[in-house]
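Trainee: Going down the list, the sequences are from chains A and B. Last residue of the first sequence: 1172 in our numbering, with the numbers rising by one and none dropped. Last residue of the second sequence: 634 in our numbering, with the numbers rising by one and none dropped.
Derived by calculation from the structure, the hints in this document are not laboratory data. Do not take every clue at face value.
What the hints assert, rightly or not - So the derived label-pair ranges between C-beta atoms look like this:
| # | chain 1 | residue 1 | chain 2 | residue 2 | range |
| --- | --- | --- | --- | --- | --- |
| 1 | B | Asn-51 | A | Asn-1014 | 54 to 62 Å |
| 2 | A | Lys-1009 | B | Glu-561 | 44 to 52 Å |
| 3 | B | Glu-104 | A | Asp-1037 | 48 to 56 Å |
| 4 | A | Arg-1115 | B | Glu-391 | 52 to 60 Å |
| 5 | A | Asn-1014 | B | Asp-243 | 37 to 45 Å |
| 6 | A | Asn-1014 | B | Gly-49 | 43 to 51 Å |
| 7 | A | Asn-1014 | B | Phe-308 | 27 to 35 Å |
| 8 | B | Gln-259 | A | Thr-991 | 20 to 28 Å |
| 9 | B | Phe-308 | A | Thr-991 | 24 to 32 Å |
| 10 | A | Gly-1120 | B | Lys-237 | 24 to 32 Å |
| 11 | B | Thr-333 | A | Ser-1008 | 39 to 47 Å |
To be verified - Stretch by stretch, here's where chain B covers chain A in the computed footprint (C-beta under 8 Å, at least three residues):
| # | stretch |
| --- | --- |
| 12 | 1028 to 1042 |
| 13 | 1045 to 1058 |
| 14 | 1140 to 1152 |
| 15 | 1155 to 1162 |
Cβ atoms here follow ideal geometry from the backbone N, Cα and C, with glycine treated the same way.
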Amino acid sequence: MSYGVKMLTKAQNRLLYLISLYSKPSKSENENVIWIREMPLRVFMHEGIERKIFDWDYAPASVMLSDGRKFVNISQEGEDDLNDLRELGLINALKLSTSRYYFITAYCITEKGIEELNKIPLEDRQAVDSLVRCQCGGLLKTQEKDGSIKIKCGNCNYEKESNILDVEDVSYVSKPYMPKQPNISKHRGV
Amino acid sequence: MNTEQTQIQNQNKQIQQNSHVKEVKEQGGTNIRDELNEVIVLKDVRFLIGEYIPFGCNHIVAFNNKLGSYMRVKSALLTQVVDEDPGGTQFSIPPVMTAVQVKDFDPNDYVNFDAQIHYPEEPGIVQIENFGVHVSSSGKVLYGLELDSVAGRSKDHVSVDHLSRVISDIVQDSSQMMDTLLTDYQRKLLDLTYIGKASNRDKYTFIISSGIVPDLKAREYLDGEDKENELRQVLESFQNVHDLSDGSKILIGTHGTILVSKEYKKYELIASEYAFLMSLDVFIQNFFSRLFVANDAIKEIKRLIEESEKEPTAVERAQMLLSQTTSDAVLMGEILGYLKESTNVLMKEWQHCLKEMNKEQKELASLLGIETRVLAAQEQVKDMEHIVTGLLRSLDGLANMNETINQRQMRRFQETLEENARNMESMTKASERTGAGVAVMEVILSGTLAFELIDLFSGGKVYPFEYGTDVVSTLAWSGLTVGLWAIGSVALFVTMKWLGDRAEPALQIKTKINRKYNPEKLKEYLEKREVTTQDLDVVGETSRKRVMWKYNDGIIWEELPKWGKRKVIITLTYDEATNYLLSAIIDVERPGEFTTKEAEEAFFAELKEENVFI
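Based on the provided sequences and hints, a complete structural model is requested.
Mentor: Structure (structure tokens):
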């Protein structure tokens, strides 16, 4: 269901507000732009799905993390909404290479996006606040360490492990399948 | 056991297995926490997962040997466990094994086998994971499986949500299975390419389905909403979609491809080639990134060499990094050799396949752009050859720079050594002079002492004899006095020498050990001893600890089993980082108490008794 100004969906409104809490465009040349990396954003998006704040589903996808490639629960609907927000000019995406030889994307709300924030219903803001604010009022952060991703509060000692790396299993029965391969051998020639 | 009994047992086993399969098909569970919004369902799904692993002729021979391809019974169970005690009688391992059955092979070229994986899963999850594997000497590795049921549903109702989870499972389990079959060298090459994370390496999936619900025109799946999002779970980003002339559909993604065709058999060869080609691309991308890692290492070596005057450990670190990077660059050159051969074989294979293709097959091949991709892969390999050659040249240059720095440091070290030797010589001369002075002082001191004693016993008289001052008495008195002085001096010299000898141990045994130890047992061993001093030297990757303890120090009545009442000081040096006992010094205080052999044997027997050695 679409509602709100600019025909943003409820999930898009919430996603925009979530990004606004972790990013800030610069107002002058001397001021730095604050960006949120894609992985922390994905962690909060996944956490939001589990807590029914985002009405998306997710599936495992192989992505690069700071300590190597891993299967991560990623919501394609969420990624799609991110692209929609980019197309509407409400957020900017920055591609940057890391010191660990892979590329990441980071997001930042635009001035246009900030204007849109005023139109986001209080209910959506509260839902996102309940997701990213610690009980002490601090903004939660994520940290990749020792093969896990932790959600932490900078103000108090609150810490929990994200389920984003916990890829779910399904039962299945399979049988071998192998098509006939070309009868070519580098030893026998073509 | 006769043949009939064996047949009955096999039949029973088959019946049990079939009933288990039936149960999983009907009740197969999931642990999915989310409520899935299923938009697309595939029918009769089979898929091929491809990957590139550097293989050569020798590797495929070894691979066939490991699989038991030459044996009469062409099936075996495989495990990742390494036998640490091959000389022993029994061993026990967890029941995590892979059953393989060789179907077809050429000793020098390829092998096709079926694998059944038995890895532990969470409660409620039952996976009967059977897949076919094709491995060829060109590095082509394909894992293929046909789904019978997923999450308790039949093969005609496979949701893409579930399929994405099955694929992630197969991608991970196939890596684990292959690790048990590859040689150490191949594992090393994979670890190098994937920067130590080869077990999580990525693969490309080609899904073949005989039907899709909803059945739409290929372009209609790109709705930018639910359908596209659902398919992206297995394809990642869409590259292209097409309807083929025979009514089949192809949906091409960056991470997977779906072919929906009722006559899929005619496209199987193309699917295999494409799955491998795309996985080769994944490998090349990772390898290309790895070149940057090596390039950065070169920059770091250069920086360390330049900073060698400022950073005390710079030269040592530069040498270690140089040695590691050179070894990596040599291996990269070898990987490129395998890649080059593989792309050439792939091109030949493809040219050969094209000749036998019909119009529809050529249409799909053209849509997938296979030939262009093979050519691109060949070009990429050529390009990377230049980079690796450049890396090796840079490393040669850095090795020369490092050698120059080493020589410079060696010259300085030699000059310092010469300076020290000169200083030592001056100090020895000064010490000899001081020693002579001290000896004179000792003689004077002993004289003073002798005179004091005479004075004490004579009651302070100048001449203690009654008859005064005759010459004989004077001479006798003088002789006695000087005699006492001489005796006192000799006694003092002997005492000083005895004390000096006591300060030096009578026997010192320095022994190299260089054996692996059990940290827990060493800790227990040391806790039983009164360690008096401990030193720790941490240099680079090593952490050398030196501990010293004494036996029978001040407790003369105690008699130790190995040492008796002898006074012994032991200094043990070991590396905490590598768990190696490096050396020991055994000081025996009194001469003649122990022979070198006895002391060494006593110490080693003690370590063995306490199971310190592994």
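Trainee: Take the hints in turn and mark each one as holding or not.
Mentor: Status of the hints after comparison with the structure:
1. B:Asn-51 / A:Asn-1014: 54 to 62 Å: For Asn-1014 of chain A against Asn-51 of chain B, whose Cβ atoms are near 43 Å apart, the range 54 to 62 Å is violated.
2. A:Lys-1009 / B:Glu-561: 44 to 52 Å: holds (49 Å)
3. B:Glu-104 / A:Asp-1037: 48 to 56 Å: For Glu-104 of chain B and Asp-1037 of chain A the Cβ distance comes to about 53 Å; the hint holds.
4. A:Arg-1115 / B:Glu-391: 52 to 60 Å: holds (56 Å)
5. A:Asn-1014 / B:Asp-243: 37 to 45 Å: Since Asn-1014 of chain A and Asp-243 of chain B have Cβ atoms about 39 Å apart, the given range 37 to 45 Å holds.
6. A:Asn-1014 / B:Gly-49: 43 to 51 Å: Holds, at about 50 Å.
7. A:Asn-1014 / B:Phe-308: 27 to 35 Å: holds (32 Å)
8. B:Gln-259 / A:Thr-991: 20 to 28 Å: Check passed, 27 Å falls within 20 to 28 Å.
9. B:Phe-308 / A:Thr-991: 24 to 32 Å: Roughly 39 Å apart at Cβ, these two residues miss the hinted range, so it is violated.
10. A:Gly-1120 / B:Lys-237: 24 to 32 Å: Hint violated: Cβ distance 51 Å, outside 24 to 32 Å.
11. B:Thr-333 / A:Ser-1008: 39 to 47 Å: Holds, at about 41 Å.
12. 1028 to 1042: Coverage by chain B holds here, the residue count being 6 at a Cβ distance below 8 Å.
13. 1045 to 1058: Our answer is that it holds, as 6 residues pass the Cβ test (under 8 Å) against chain B, meeting three.
14. 1140 to 1152: holds (count 5)
15. 1155 to 1162: holds (count 8)
Hint compliance for this structure: hints 1, 9, 10 are broken, all remaining hints hold.
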